[in-house]
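All chains, full assembly: derive it from the sequences and hints.
What follows is each chain in one-letter form.
There are 2 protein chains.
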Amino acid sequence: MDWSIPSNERRAWDRRVPYYLRIRDRFAALIEKGSLLPGTKLPPERELRDQFQITRVTARQALTQLEAEGLIFRENRRGWFVSPPRIQYDPTANVSFTESVLAQGRTPSATVLSTERMIASARESQFLDVEVGDPIFLIQRLRSIDGRAVLLEHLHVNAERCPGLLGLPLDRSLTELMSEHYGISEYRPHINMRPTALAEPQAQALGVSPGAPSLYLSRIIYDQFDSIIEFDQEFWRHDALEICINVHHHLSPVQAEGVNNSHDDMPETLR
Amino acid sequence: MDWSIPSNERRAWDRRVPYYLRIRDRFAALIEKGSLLPGTKLPPERELRDQFQITRVTARQALTQLEAEGLIFRENRRGWFVSPPRIQYDPTANVSFTESVLAQGRTPSATVLSTERMIASARESQFLDVEVGDPIFLIQRLRSIDGRAVLLEHLHVNAERCPGLLGLPLDRSLTELMSEHYGISEYRPHINMRPTALAEPQAQALGVSPGAPSLYLSRIIYDQFDSIIEFDQEFWRHDALEICINVHHHLSPVQAEGVNNSHDDMPETLR
DNA sequence: GGAAACTAGTGGACTATACCAAATAAAATG
DNA sequence: CATTTTATTTGGTATAGTCCACTAGTTTCC
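Protein chains in written order, with my numbering: chain A, 3 to 273; chain B, 3 to 273.
It should be emphasised that the hints constitute simulated quantities derived from the structure, not laboratory data.
Bear in mind the structure is a predicted one, so any value in this text is a computation, not a measurement.
Since copy identity is lost for identical chains, a pair holds within one copy or between any two.
Derived lysine to any residue pairs resembling SDA-like cross-links, with alpha carbons at most 20 Å apart: (1) Lys35 to Leu23; (2) Lys43 to Val84; (3) Lys43 to Gly81; (4) Lys35 to Ala124; (5) Lys35 to Ala201; (6) Lys35 to Arg125; (7) Lys43 to Arg76; (8) Lys43 to Arg80.
Okay, structure coming up:
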């Protein structure tokens, strides 16, 4: 397949728009038009270099730009691929990752990377209602959608409140386990989010290059007695999700009905 | 000032960690330690090249990495600067930008870039409760914190519901105007967020380079009659904000008190 | 004194290459 | 046929420059 820009188009606005943005535009258009379906592999960087008559550095600049916009992603030394659609995610809803992904016709999966019983340091005691030295559980999970790792979780749990937790099947909803086995009902989370870039260890786990853009989300969860029983950290691939929140300002319940959680108000490219 | 890495440290883990990450680490450490205060100008790229004995390309890679993490930012052809702290922002709360920024001891400002009365196209009618051809207002505002542009707003309003809106002082809270002049009380927004990168026009308005990482946030706002009266698009500098949400699951009001909206659970660098 | 013109300073874009490391495919081997 | 070895593909990191465009300060000129 020939990806190059027609020579007439080349001359048209020559030198007014940088090469890397033109190539970006070219692929962005193809992706939005649907000519390039999610999962499609893009040509290797060296091929782009030849076809567009640029250097690899410039080609990479275009690709990095598309990556930042969430249109494409890379797999370490394997190539560049068109991103699958974002998953709609409401961090304030009491809906598990699994349910939420299934509801959108995608296939979720979870892998427990590590479980650990450890002693709370000053850091942990700051976010969980425990003293320094108290036991806590640290669970690391990786969650995927359609086989693609999208989320790395670090779950910190007050160990005294749920003895034997690590013996339970941790690839399921933690909220369910807490409720069924320990009579703990989670509610009233504090949620914190910010866009950042991944550091080496997290990037490794998600199979992306260090420095890849990401969304960091943390959650402090209170139980029915108003004490913190869980502190979660979530590292998301930035192109994997779209946060959707429906706010209800404590009005009559009838008004909360029939709410469509999603509004696809923009194409992938801003205009 | 000499920024270079001590030669003993150079040899220690030589060749195991890429240069650009070491330089990143160096500056990240200085910033977190507080040696480099917000607003401080970093040395020019050419100086970094000489001091670290790398090429400018590599220096830029390090800087871009720090930018992606939100630790530093650039001003077009002026240089690189240490980012100010993120502002805590709750998109679900009925608190205006101005109030929220003031409450955190910072100085907000607003500039109206353009106001326009236009005819709804298919696109607009999709998000506002109007027909194609109905009049709508489009207001573009730029909001700054301590003199630094952080947010570009595109506000779409149903014009028939608020005649003469463009004649009012638009540098204030739109919610207030709606309420005071038109008896419209905004509630129940749908909020949508995703990390992306800025396209040329938005980047221009915010004074950043096109392709800079950003957070896109849109809001569909219903009035007391359950019809959509406003549709907002917000383009945020990604390093300017931290989303903080307190979720209350419709419990007794007493439980909603004394909630600290912020938890600084991570340093700028992930670990 | 104020406007216009020059001049560094500094990032933005790009060329042309080089070598390395991980992932994959192909070939050799038991 | 399955396994190990080897070669190829492909991105990751880095060098060494060049030219351009905008910013901001300084000087010149009317």
